[in-house]
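Trainee: Residues per chain, in single letters:
Protein chains: 2
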Amino acid sequence: MTAAPRNLNMQGVLSMRGGGYYTERTQGAKLVINNALPLVKEGLKVDPKSEGVLRVADFGCADGGTSQEMWSNAFSYLRASGDKRQIAITYTDLASNDFSQLFRSMQGLAGDPSIAYQKNLEGVFVYGCGTGFHYQLFPEGTLDFGFSATAMHYLSEKPCEITTHCHSASAGEAEHAQFAAQAKADWERILLARARELKPGGRFVCLNFGIDEEGRYLGNTGGQHMFDIFDRLWARLRDAGKITKDEYDRATFVQYYRTQAEFAAPLLDETSAVHKAGLRLVDSFSTYTRCPYEQHFAEANGAMDPRTFAKTLIPTMRSWSETVFSSALSDRDPAEAAALVDEFFQSYEDLVAEAPAGHAMDYVHIVVVMEKVA
Amino acid sequence: MTAAPRNLNMQGVLSMRGGGYYTERTQGAKLVINNALPLVKEGLKVDPKSEGVLRVADFGCADGGTSQEMWSNAFSYLRASGDKRQIAITYTDLASNDFSQLFRSMQGLAGDPSIAYQKNLEGVFVYGCGTGFHYQLFPEGTLDFGFSATAMHYLSEKPCEITTHCHSASAGEAEHAQFAAQAKADWERILLARARELKPGGRFVCLNFGIDEEGRYLGNTGGQHMFDIFDRLWARLRDAGKITKDEYDRATFVQYYRTQAEFAAPLLDETSAVHKAGLRLVDSFSTYTRCPYEQHFAEANGAMDPRTFAKTLIPTMRSWSETVFSSALSDRDPAEAAALVDEFFQSYEDLVAEAPAGHAMDYVHIVVVMEKVA
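Protein sequences, first through last, are from chains A and B. Under my numbering, think of the first position of the first sequence as 1, with each following residue one higher. Under my numbering, think of the first position of the second sequence as 1, with each following residue one higher.
One thing to keep in mind: the hints can contain errors.
Stated by the list, open to error - With a cut-off of at most 25 Å between alpha-carbon atoms, the simulated DSS-like pairs for lysine-lysine come out as follows:
1) LYS84/B - LYS199/A
2) LYS158/A - LYS184/A
3) LYS30/B - LYS311/B
4) LYS119/B - LYS158/A
5) LYS84/A - LYS49/A
6) LYS84/A - LYS45/A
7) LYS199/B - LYS49/A
8) LYS30/B - LYS45/B
9) LYS84/A - LYS30/B
10) LYS199/A - LYS41/B
11) LYS311/A - LYS30/A
12) LYS158/B - LYS119/A
13) LYS41/B - LYS84/A
14) LYS199/A - LYS45/A
15) LYS184/B - LYS311/B
16) LYS276/A - LYS84/B
17) LYS199/A - LYS49/B
18) LYS276/B - LYS199/B
19) LYS84/B - LYS49/B
20) LYS119/A - LYS30/A
21) LYS84/B - LYS199/B
22) LYS49/A - LYS199/A
23) LYS84/B - LYS119/B
24) LYS41/B - LYS158/B
If you're looking for bench data, these hints aren't it; they were derived computationally from the structure.
Based on the sequences and whatever the hints tell you, model everything.
Mentor: Laid out in C-alpha cells, this is it:
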C-alpha cells in the first residue's frame, strides 16, 4: 500500500477548441481513467498463451464515453501482445442509463471511430447490465477483471438531509456520522459483491472520488472551496426568501468521499466479511488531477477573459450537480424551479468572472487495487 | 422433422378489457411464445445435479415484454426442479432498442411484478446486447440455449424495392428471387453465428414468421389478405395523385417469410457451412395462432360493433407496419407525411368497419429446433 500521492496530471496539451462540448465537460474524468491504463494492463494478465474468454466489467459506466479510449488502448495492447482470448466486456449502470448511446459508440455508429474497439478488434463482445453495482451482477467466480471510475461515491440511499451544508464532507458531526455509516455499509456491500463475482486471482481496480492525505477532495484543493460556494450561494437564495428552509436542506448530495483508510478498512480487517470472502488490498494511493479549465485559463496568461473562463468552468460543475438543486425544488412549477437553478449557477459564474483566482474543479481520486485470493 | 401443423391456439380466455394497450397489441405474439414453453424447458436441460452457470439468450427481444412470462415460467420451473445453476440471460436487439424499459421490467420496477423473475428468483443475472443477431454475439462455445421469436423475418438489408406490391411474399418473380437470396444468405449467417456461440449439445429454438404447408402466412390465412389490402390502399393513394410512384415503390417491407424447406435447407445439406459448423435440425413444424381481436369479435356474437372491432384490429397491424409507410414518405414535411399515413390506416379501418367478415391478423410461425453436435 503506497501512501504517497501520485500526480496523474494531464499528459499532452488540452485544446478547448477541439472536441465536442460533452468531451470537454468530461475531459478531467477521462484523463484520470486514461492514466489508469497500466493498472488495467496488469489486471488483464496479458499472455499469448492464454485461451478461452476474458470477462471484464466497467461498473457505473454512464454512456461509456470517459473510459472508451482506455478500454480501446487496453484491448489493442492485448491483441498486439498476441493474446487471442475472446473478450466479453459488460458495462453496468442503473436501468435508466442510456445503453443505446453506449452500444453505438463501441460499434463505431457514434463518436470517435478510432476507439470503436468492438468494430476495430477481433473477438470483442459488448454487453450492458442495468442493475446497480451494490448488487452481485455476475455469476460466482466468473469475472477476470473489474474496473470502476468516479462512480462509487454515490450512496445507495440518502441517510438524512444535511441541514448546515450541501455535502457530507462539510456536514456537522451527527449528520456526517450517518453518511459515514451508510458509506461504510455500501462499500462493504460493493466489495462483497465483487468478491463473489471475481475468479480466484482476478482483480478489481477502483478510482473513486475521496479525501487524500492532505484533506483535499474534489473542488477543495487549496484555492476556493467549490462545495462551500455551492452552499453559500444556495443559502443566499434561502436568506433572500427565494427558496424555503426545507428546499435549502433538501439540496443534499447523496455522496460520501471516503478516506484512504475507509477504503482499505474492510480489506485489511481479517475479521471482516470482505476479507473472509477473499478480497485483498494490492495497492492504494491518491491522485490529483488539475482542473483542465483552470489550467487552460492559467496558461492563457491573461489572454483569456475571466468571463470566458467562468463560462467553461461552471458547465463542468453543473453537469453532475444540477439535479441535486433542481430536485430540491421538485414541489415547484418546473419553469419556476429551472429559473431558480439558472439564477444559482449564474451567481457562481458571476463570482468567478469577477475574481477568477483560486476557482477550479481539481480532481482528487483514491485508487484502490484489489485481488481475489487464488 | 414433423411436417404436420400443430395448433398452438390461444389457451384460456382473452379479456380485451384487462391489460394495457401495449399488452393487448402484442397479445398474439406473446401467446405464441408462451406456447413454446415445453421446447424451452427441454432446451434448458433442467437437472438438480447441474452446476455452474446456465447461459441463455433471447435474440431480437425488443423490450422483452412478449417473452417475459415465458422466461419467468421457465426459470421458475428450473428452480422448482431443484436446479441451482446461476442463470445469465442476455437480451439482444439493435443498439437503438429500449434496454432501459427491459431492465426495469425484469427487476420489477415496471410492468407486472409477478413475472419480474430477476427479483423473484435467486441467482438470475440479466444483460443486454445491442448488436444485431446477424453477427456472433457470444464467445465460442459458451451459450447453453438460444431463443428467438418473431424477429428473424427482418432482413439485414433491402435487396430492391418491390414495385408491384409492398411485401416479398407477393412480389413478382425477379424481385422475389432477390429477396429469397438475401433471406438465404441472412439465415445462413444467423445460423453460423449461433453454431459458433452454442456449447456442444446446446439448443437454439426459433419461432419465425413463415409460410406453412398450406401457403398461409401472417394476415393471409383464408380470409381477407392483409398485405394485399395494404398494397391496394397504398396504390389507391398513388392513383389519386396523393403520393408519387416512387413513394409507392418505397413502401417495401424489408421482410421475407421463409418456407419450412428454406429454414431447414442449410441444416440438412451436409455440404453447407452451417452443417459443417455442427448445427443440426431437431424438429420443425408450423403453428397457427388465431387473431385474438378477430376471435374476440367473433365470440361477442354480434354484441360488438364492427367499428369497435376495427379500432382494435388496425392498431395491432399499425404497431409494426407504420414505419414502412412513413419512411416511404421521408422526403415530405413530417406533418404532411403523418397525415397521409393516418389517412391510409383510416381507410383500412373503414374497410373493416363496413364489412368486417374475414378481416384478421392470424399468426403463422415456423418453429425450428436446432442443436449443436456434442
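Trainee: If a hint holds in the structure, say so; if it does not, say that too.
Mentor: Results of checking the hints against the structure:
Between LYS84/B and LYS199/A the CA atoms are separated by roughly 19 Å; this keeps the pair inside 25 Å, and the hint holds. Our distance criterion of 25 Å between C-alpha atoms is met by LYS158/A and LYS184/A, whose separation comes to about 13 Å. The straight-line distance between the Cα atoms of LYS30/B and LYS311/B is roughly 20 Å, inside the 25 Å bound, and the hint therefore holds. Restraint check for LYS119/B and LYS158/A: the C-alpha separation of about 23 Å stays at or below 25 Å, so the hint holds.
With a C-alpha separation of about 8 Å, the suggested pair LYS84/A and LYS49/A falls inside the 25 Å cut-off, and the hint holds. A hinted pair counts as satisfied when its Cα atoms are at most 25 Å apart, and LYS84/A with LYS45/A qualifies at roughly 12 Å. For the proposed pair LYS199/B and LYS49/A, the alpha carbon gap of about 22 Å is at most 25 Å, so the pair holds. Only pairs whose Cα atoms come within 25 Å are accepted, and LYS30/B paired with LYS45/B is accepted, the gap being roughly 23 Å.
Taken as a hint, the LYS84/A and LYS30/B pair is broken in the structure, with Cα atoms around 41 Å apart against an allowance of 25 Å. The straight-line distance between the Cα atoms of LYS199/A and LYS41/B is roughly 30 Å, outside the 25 Å bound, and the hint therefore fails. Among the hinted pairs, LYS311/A with LYS30/A is consistent with the structure: their alpha-carbon atoms are about 20 Å apart, no more than 25 Å. Pair hint LYS158/B plus LYS119/A holds up; C-alpha atoms about 23 Å apart against a cutoff of 25 Å.
Among the hinted pairs, LYS41/B with LYS84/A is inconsistent with the structure: their alpha-carbon atoms are about 35 Å apart, more than 25 Å. Between LYS199/A and LYS45/A the alpha-carbon distance is near 13 Å, which keeps this suggested pair within the 25 Å criterion. With a C-alpha separation of about 37 Å, the suggested pair LYS184/B and LYS311/B falls outside the 25 Å cut-off, and the hint is violated. At most 25 Å may separate the alpha-carbon atoms for a hinted pair to count; LYS276/A and LYS84/B meet this at roughly 24 Å.
Distance restraint check for LYS199/A and LYS49/B: the Cα-Cα separation of roughly 22 Å lies within the 25 Å cut-off, and the hinted pair is therefore satisfied. This hinted pair checks out: LYS276/B and LYS199/B have alpha carbons roughly 15 Å apart, not beyond 25 Å. Among the hinted pairs, LYS84/B with LYS49/B is consistent with the structure: their alpha-carbon atoms are about 8 Å apart, no more than 25 Å. Between LYS119/A and LYS30/A the alpha-carbon distance is near 21 Å, which keeps this suggested pair within the 25 Å criterion.
For the hint linking LYS84/B to LYS199/B, the alpha-carbon distance of about 19 Å falls within 25 Å, and the restraint holds. For the proposed pair LYS49/A and LYS199/A, the alpha carbon gap of about 18 Å is at most 25 Å, so the pair holds. At roughly 16 Å between alpha-carbon atoms, LYS84/B and LYS119/B fall within 25 Å of each other, so this suggested pair holds. Between LYS41/B and LYS158/B, the direct Cα distance comes to roughly 36 Å. Violation of the 25 Å bound is thereby established for this hinted pair.
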